[in-house]
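Trainee: With the hints as constraints, model all of the structure from the sequences given.
Taken in order, these protein sequences are the chains called A and B.
Start counting the first sequence at 1; every next residue gets the next number (the numbering used here).
Start counting the second sequence at 1001; every next residue gets the next number (the numbering used here).
Honestly, the hints are just simulated from the structure, not real lab data.
Keep in mind that a hint or two might mislead.
Quick list of the computed label-pair ranges, beta carbon to beta carbon [what the hints assert, rightly or not]:
id : chain 1 : residue 1 : chain 2 : residue 2 : range
1  : B       : P1005     : A       : L147      : 34 to 40 Å
2  : B       : I1015     : A       : F245      : 18 to 24 Å
3  : B       : R1077     : A       : L142      : 54 to 60 Å
4  : A       : L142      : B       : I1088     : 48 to 54 Å
5  : A       : I80       : B       : G1108     : 54 to 60 Å
All values reported here derive from a predicted model rather than from experimental measurement.
Backbone N, C-alpha and C define an ideal beta-carbon position, used for all residues, glycine too.
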Amino acid sequence: MVSWSGRRKALTILAFIGPTLLGILALNIYPIIYNVYISFTNRNQYHPNPDCTVFLTSVIEPGCWPMFRSNAGMGQPYVIQEPLFANYDSLIGKLFTGEGVLALVKLALLFAPLIIAGQVNKRLDRQLTRPVSSFWVWIGGLAITVLLAWILNVGGAMKTLEASSDFFIVVFRTLLFVVITVPLNYIFGLILALVLNGDYIKGRTFFRAIMIIPWAASTMFIIMSLIWQFFFREQGTINQILRAFGGEGLAWLANGNYALAAIILVNLWFSFPFCFNIILGALQSIPADQYEAADVDGATYWQQLVNITLPLLRPSVMPAIVLSAIGGGGFQMFGTVWAMTGGGPSQGAGVPGATELVMVYAYKQVFQYNAYAKAGAFAVIIFIFLFIATLYSMRISRITQGAYE
Amino acid sequence: MSRKPRPLVLVLQYIFLGLMTLFALYPIWFVILASGRVGSRLYTLNLLGMFIPTEWTFENYQVMLSGQPYPFLTWMRNSLFVAGFTTIACLLIATSAAFAFSRFRFYGREFGLILLLAIQAFPGVLSLVPVAQLLTAFKLYASHWGLILAYTIGNLVFTTWLMKGYFDTIPIEIEEAAMIDGCGPIQSFLLVGLPMAKPALAVTALLAFMGGWGEYVFASVLIPAPDVRRTLMVGMYSLANTQSIPWGYFAAGAVMTIIPVILIYTYFQKYLVGGLTLGGVKG
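Mentor: Next comes the structure, spelled out in structure tokens:
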């Protein structure tokens, strides 16, 4: 740009980004620091109040700042935990004792065949003619995984882990949810986009317009989730249809597995239009001559799909997939679960409910049990995890390309 | 891939399309049906009533609009107020920041951009307590302005990245020409950069508005009762969590909340898809 002097430049830039910076500092950075600090204290329903004589507390608590000094409420002030990492300890529980580690190792071993299958595929890809197709390599990897799960008694290992730590169950369940829901959304989006991309389909514009409706409704997820919840009630639509055909209704949301499946289905409803639109946009940017050349070479539809369409979709769709996985429709899913089941059905006192995903668990810890310190420790661990995932996703998608140009 | 497939495949494709259309439309259709039904039940005993309107009344709408016993219109006004000011604040703040990040080269620029993304990894639900305490200290707790502040800053990261992505696609030469003609950086932003970013501004405004309109968690915590101060989502949620749920009223309220949004989205469809793929999402 045109050169201007240093000081004036600094002031102009500050004027442009100053408000953003200030806002981010106050309402994003400050809560993070606050949570880190609180996670080392014993703040809970019995010790809810700040003790302003402690230096760190007086710095971090707005109620202690001189201009806002408010009367401290009743109840005990919270103090820093002794030992320091007590909250983290209680959260992780017996995960890192001998039994827990053994179970974790067993679980980790399950991924070995899949990783090996991926590597084998990469190596085979470098050869001119593949002896086996990648599909069969993956099937083989999966078969070995299942065999391994049976040999190692992974079911037993899971039970050990579930008994040893809340944290593990919640995170594991959330990861399971993400692994099912995100691919499902994108597979439906992909099929729909492939079908609607063909110009032989009549009424394409109509169908495309229809598919935006759940997307629009997803901005008001609370209301739509409540409607969906009604479908799954004991006196709800689904059971009514079942009864009309002589079937017997079920209390869908009272069963943990069905409840999770219901949430995945509702999340599909909310998310597939977005996936569809992203993929359709990417499909339309693939040049047609690629397919013409493949047609000349006599490639079938499936060969074209696997060798042209999918690889060319990857760069533009992959970032969206990763962002969905770590965003509000994946790992940070809250609203739909909250409106549908509230984290239930309950699985006994003091144990997370069957659909209690990470964010629901954190919300309940804070707003139902007032376990601020525990939730703080939980937040810090989740933050570290999501932080790494975000950095990794940026590497994948090269979102930061612009930043490094 | 415009080769016409075999008839059987074509039929399968139409069946799939039909099923997906049903899947996409049915929940909305169901709410519309339920909103016109007498009584407090969402379901009717005859199965046909689940799919076609067998009876119709505007009573539920009348009750919801009359403000008794539920101040529906007040909720709606609150939501409009919060979402509207969130949109304005977001556009003002995020657009200028995005312009600076896109156009100026300064120390800490890359760091700032990455920081923006990375701190977004901190889950919003968990920052509620400190945010609420901070707002309490500034006497903004239980006030719509506090909620607007929280929403605006919650939306900043996304909107800044979206706008920056768009500014990056606008050739800088036009602004340089303007600067040679004597524009300062602020003038070139206001007179040249902004007018060219109109499509992205529209998408950003729409998304910021919808974010404020549909958000639930922050609104439920930062605006505790009374009823008349609540936003639409919190109000509707409280409606569905009473002892005997007035489903008819709920459905009527839901229709009045959702249909305008669907119309707006349909109208902006082209921009939405284009804007999202231009901005933060695309590599």
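Trainee: So which of the earlier hints does this model not fit?
Mentor: 5
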